[in-house]
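Each protein sequence line maps, in turn, to chains A and B. Anchor point for the first sequence: position 91 equals 394 in the working numbering, and the numbering is continuous, going up by one each time. Anchor point for the second sequence: position 167 equals 470 in the working numbering, and the numbering is continuous, going up by one each time.
If you're looking for bench data, these hints aren't it; they were derived computationally from the structure. Just to be clear, a hint being listed does not mean it is correct.
It does not matter which identical chain is meant; a pair holds if it fits inside one copy or across any two.
Quick list of in silico lysine to aspartate or glutamate cross-link-like pairs, EDC-like style, CA-CA up to 20 Å [said to hold, decoys possible]:
#  : residue 1 : residue 2
1  : Lys540    : Asp355
2  : Lys544    : Asp572
3  : Lys446    : Asp503
4  : Lys342    : Glu509
5  : Lys413    : Asp332
6  : Lys544    : Glu509
7  : Lys446    : Glu509
8  : Lys446    : Glu498
9  : Lys540    : Glu349
10 : Lys413    : Asp378
11 : Lys540    : Glu379
12 : Lys544    : Glu436
13 : Lys544    : Glu575
14 : Lys413    : Glu349
15 : Lys446    : Glu379
16 : Lys413    : Glu509
17 : Lys413    : Glu526
Predicted model only: the values in this text are computed from it and were never measured.
Protein chains: 2
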Amino acid sequence: MTQPQRVAVLGTGIMGKPMATNLIRAGHDVSVWNRDRAKAQPLAAEGASLADSPAQAVEGRAAVVVMLSSGPVCDEVLFGPGGAAHAMAPGALLIVMASIGRSEATGLAKRSEALGLRWLDAPVSGGEKGAREASLSIMAGGKADDFTAALELLAAMGHPVHIGPAGSGALAKLVNQLTVASTIAAVSEALVLAEAGGADPARVREALLGGFAYSRILEQHGERMLTRNFAPGGPAKHQLKDTRAAREVATELGLDLPLLALTDGLFADLVEAGGADLDHSALYLEMRRRNRLPIGDHLDGG
Amino acid sequence: MTQPQRVAVLGTGIMGKPMATNLIRAGHDVSVWNRDRAKAQPLAAEGASLADSPAQAVEGRAAVVVMLSSGPVCDEVLFGPGGAAHAMAPGALLIVMASIGRSEATGLAKRSEALGLRWLDAPVSGGEKGAREASLSIMAGGKADDFTAALELLAAMGHPVHIGPAGSGALAKLVNQLTVASTIAAVSEALVLAEAGGADPARVREALLGGFAYSRILEQHGERMLTRNFAPGGPAKHQLKDTRAAREVATELGLDLPLLALTDGLFADLVEAGGADLDHSALYLEMRRRNRLPIGDHLDGG
Chain A
304 MTQPQRVAVL
314 GTGIMGKPMA
324 TNLIRAGHDV
334 SVWNRDRAKA
344 QPLAAEGASL
354 ADSPAQAVEG
364 RAAVVVMLSS
374 GPVCDEVLFG
384 PGGAAHAMAP
394 GALLIVMASI
404 GRSEATGLAK
414 RSEALGLRWL
424 DAPVSGGEKG
434 AREASLSIMA
444 GGKADDFTAA
454 LELLAAMGHP
464 VHIGPAGSGA
474 LAKLVNQLTV
484 ASTIAAVSEA
494 LVLAEAGGAD
504 PARVREALLG
514 GFAYSRILEQ
524 HGERMLTRNF
534 APGGPAKHQL
544 KDTRAAREVA
554 TELGLDLPLL
564 ALTDGLFADL
574 VEAGGADLDH
584 SALYLEMRRR
594 NRLPIGDHLD
604 GG
Chain B
304 MTQPQRVAVL
314 GTGIMGKPMA
324 TNLIRAGHDV
334 SVWNRDRAKA
344 QPLAAEGASL
354 ADSPAQAVEG
364 RAAVVVMLSS
374 GPVCDEVLFG
384 PGGAAHAMAP
394 GALLIVMASI
404 GRSEATGLAK
414 RSEALGLRWL
424 DAPVSGGEKG
434 AREASLSIMA
444 GGKADDFTAA
454 LELLAAMGHP
464 VHIGPAGSGA
474 LAKLVNQLTV
484 ASTIAAVSEA
494 LVLAEAGGAD
504 PARVREALLG
514 GFAYSRILEQ
524 HGERMLTRNF
534 APGGPAKHQL
544 KDTRAAREVA
554 TELGLDLPLL
564 ALTDGLFADL
574 VEAGGADLDH
584 SALYLEMRRR
594 NRLPIGDHLD
604 GG
């Protein structure tokens with residue numbers, strides 16, 4: 304029983320494109336804008352209208368989904384010269400689903416509210432596959448009423464959960480990235496210990512998947528580690544950006560989170576060793592390098 | 304198409320009792336022995352024959368499942384005065400499913416083989432629930448032929464995987480425990496960051512369960528953390544014993560596994576703070592204590 308809405312999507316890259324497609328398929332009237340227009344073009348065949356500017360895309364739209372590459376890019380596209388936020392009607396809903404920092408989110412929320420806009424920070428987890436299959440985990444921060452108003456749109460793209468006030472969606476995403484990063488490090492150590500101890504790490508992984516040690520990381524990234532498939536996915540340099548941001552928030556809050564600090568250092572080592580553009584599961588290579596196990600030619604320094 | 308076998312089970316505690324029950328229900332003829340006979344008594348109603356000694360239990364049995372509390376206890380019951388191993392017929396299969404050290408396993412394997420016995424170290428993961436539901440993850444070390452011979456028995460208790468030679472089942476279990484311990488630490492940090500940042504940690508957990516951060520630990524132990532349900536389950540002191548054993552093996556192998564070292568230290572802190580007998584998910588309390596967040600009266604020092 305979808306109530307069709309007039310929606311804009313700003314940013315139709317790896318994630319934004321399938322998300323826009325799912326909004327169209329759910330029956331919504333979708334306008335799209337992307338800096339590189341060629342990346343938005345295929346959406347026209349799905350039924351989207353292509354806009355020449357962010358301001359044109361959002362005009363007359365009840366809700367605007369933003370899936371740009373970073374906080375500063377969201378800031379520029381929304382509030383820079385010719386910015387989209389100024390072209391939105393008061394009362395329209397701005398939903399920033401890009402992964403941005405917690406203070407970036409609260410800053411943008413304040414400026415949006417000053418223009419009479421409603422705000423949600425609603426970053427996602429689940430990757431390109433989750434975006435395609437509309438199975439993204441969506442972590443929303445903002446007012447409960449605004450979350451309710453956005454629920455139908457969000458549900459067309461995945462599984463939305465209202466975390467708390469503005470900024471708490473961004474915080475939840477950092478918590479998610481912290482958990483993913485530390486679990487990748489834990490699985491890397493596990494497979495190194497198994498192999499060094501003389502067991503077949505693939506069989507150890509298989510056995511572990513059946514018990515309390517099961518994680519999606521062990522299943523998906525563990526398989527990448529064992530088959531040396533480090534084509535991203537989520538590149539290590541982005542994972543490092545996230546652990547760095549999580550450490551900054553932890554420091555602001557006066558927290559001492561030792562696994563986060565350690566894992567952040569390991570990802571920094573991986574990036575320094577030449578693994579910036581490998582999938583974050585390549586932390587396994589860094590753990591092997593650290594332990595003088597063969598790593599093939601995946602790292603520049605290898 | 305079960306081929307009924309004559310089996311003995313030594314040790315019918317929290318895990319051994321439901322495992323013996325599942326062997327009986329699969330059609331096997333099962334004799335049982337437990338030091339405290341009262342704990343074996345209920346199995347008589349299921350159809351088990353109760354033995355007065357380990358030697359009596361194993362006499363004429365094709366396979367002997369050992370689920371005692373530790374390596375030294377297995378050693379004593381199998382090879383001490385009146386030990387069961389000496390009462391087993393040559394060619395019989397000794398399956399030690401207790402969690403014992405890797406060198407304990409290889410030592411017992413050698414002594415068993417010297418008596419002409421066949422050997423598997425086959426520790427499990429999945430807890431009491433897994434034992435009851437015959438869904439244990441079973442990590443088996445030993446000869447491939449002996450694994451094949453044991454497959455039907457093991458499958459009556461869970462999901463067996465052949466890891467490699469004798470000792471590699473025990474190694475896999477240590478790898479499992481390392482993974483579980485580090486993941487508990489990662490989830491503890493995640494929930495602390497969520498709460499300190501002003502989000503509802505229960506909603507953050509819910510959202511994270513839908514993405515790459517999903518782990519059985521986040522699901523089951525995460526719920527324990529948030530509801531402060533620290534009745535074991537797996538007590539922290541056993542988890543510490545396991546991380547300590549994993550560190551020892553890592554040291555023997557010349558490995559540097561920083562998360563393991565850190566997590567082991569955190570469990571040591573928890574035990575020292577009075578949490579030895581709480582479920583291992585109580586590491587969350589240690590993470591809160593470390594960050595001066597309220598911990599209620601769960602820890603003696605709280």
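Comparing the hints with the structure gives:
For a Cα distance limit of 20 Å, the shortest separation of Lys540 from Asp355 qualifies neither inside one copy, at 31 Å, nor across copies, at 63 Å. Within a single copy, Lys544 and Asp572 get their C-alpha atoms as close as 13 Å, which meets the 20 Å cut-off; across copies the closest is 31 Å, which misses it. Taking the closest pair of Cα atoms, Lys446 and Asp503 come within 20 Å of each other only across two copies (14 Å); inside a single copy the shortest separation is 51 Å, beyond that limit. When the C-alpha separation of Lys342 and Glu509 is checked against a cutoff of 20 Å, the pair qualifies neither within a copy, at 39 Å, nor between copies, at 33 Å.
Taking the shortest alpha-carbon separations for Lys413 and Asp332, neither the intra-copy value of 28 Å nor the inter-copy value of 72 Å comes in at or below 20 Å. Taking the closest pair of Cα atoms, Lys544 and Glu509 never come within 20 Å of each other, the shortest separation being 31 Å inside a single copy and 24 Å across copies. Only between protomers do Lys446 and Glu509 lie at most 20 Å apart by alpha-carbon distance; the minimum there is 18 Å, versus 43 Å within a single protomer. Taking the closest pair of Cα atoms, Lys446 and Glu498 come within 20 Å of each other only across two copies (18 Å); inside a single copy the shortest separation is 50 Å, beyond that limit.
Taking the shortest alpha-carbon separations for Lys540 and Glu349, neither the intra-copy value of 33 Å nor the inter-copy value of 58 Å comes in at or below 20 Å. Only within a single protomer do Lys413 and Asp378 lie at most 20 Å apart by alpha-carbon distance; the minimum there is 12 Å, versus 68 Å between protomers. In this assembly of identical chains, Lys540 and Glu379 lie within 20 Å of each other by CA distance neither inside one copy nor across copies; the values are 22 Å within and 53 Å between. Taking the shortest Cα distances, Lys544 and Glu436 never come within 20 Å of each other, neither inside one copy (26 Å) nor across copies (43 Å).
Only within a single protomer do Lys544 and Glu575 lie at most 20 Å apart by alpha-carbon distance; the minimum there is 13 Å, versus 35 Å between protomers. In this homomeric assembly, Lys413 and Glu349 never come within 20 Å of each other (Cα to Cα): the closest approach is 35 Å inside a single copy and 67 Å across copies. For a Cα distance limit of 20 Å, the shortest separation of Lys446 from Glu379 qualifies neither inside one copy, at 24 Å, nor across copies, at 64 Å. For the homomeric pair Lys413 and Glu509, neither the shortest alpha-carbon distance inside one copy (48 Å) nor that between copies (27 Å) is at most 20 Å.
Proximity of Lys413 and Glu526 under a CA criterion of 20 Å is satisfied in neither setting, with 43 Å inside one chain copy and 34 Å between copies.
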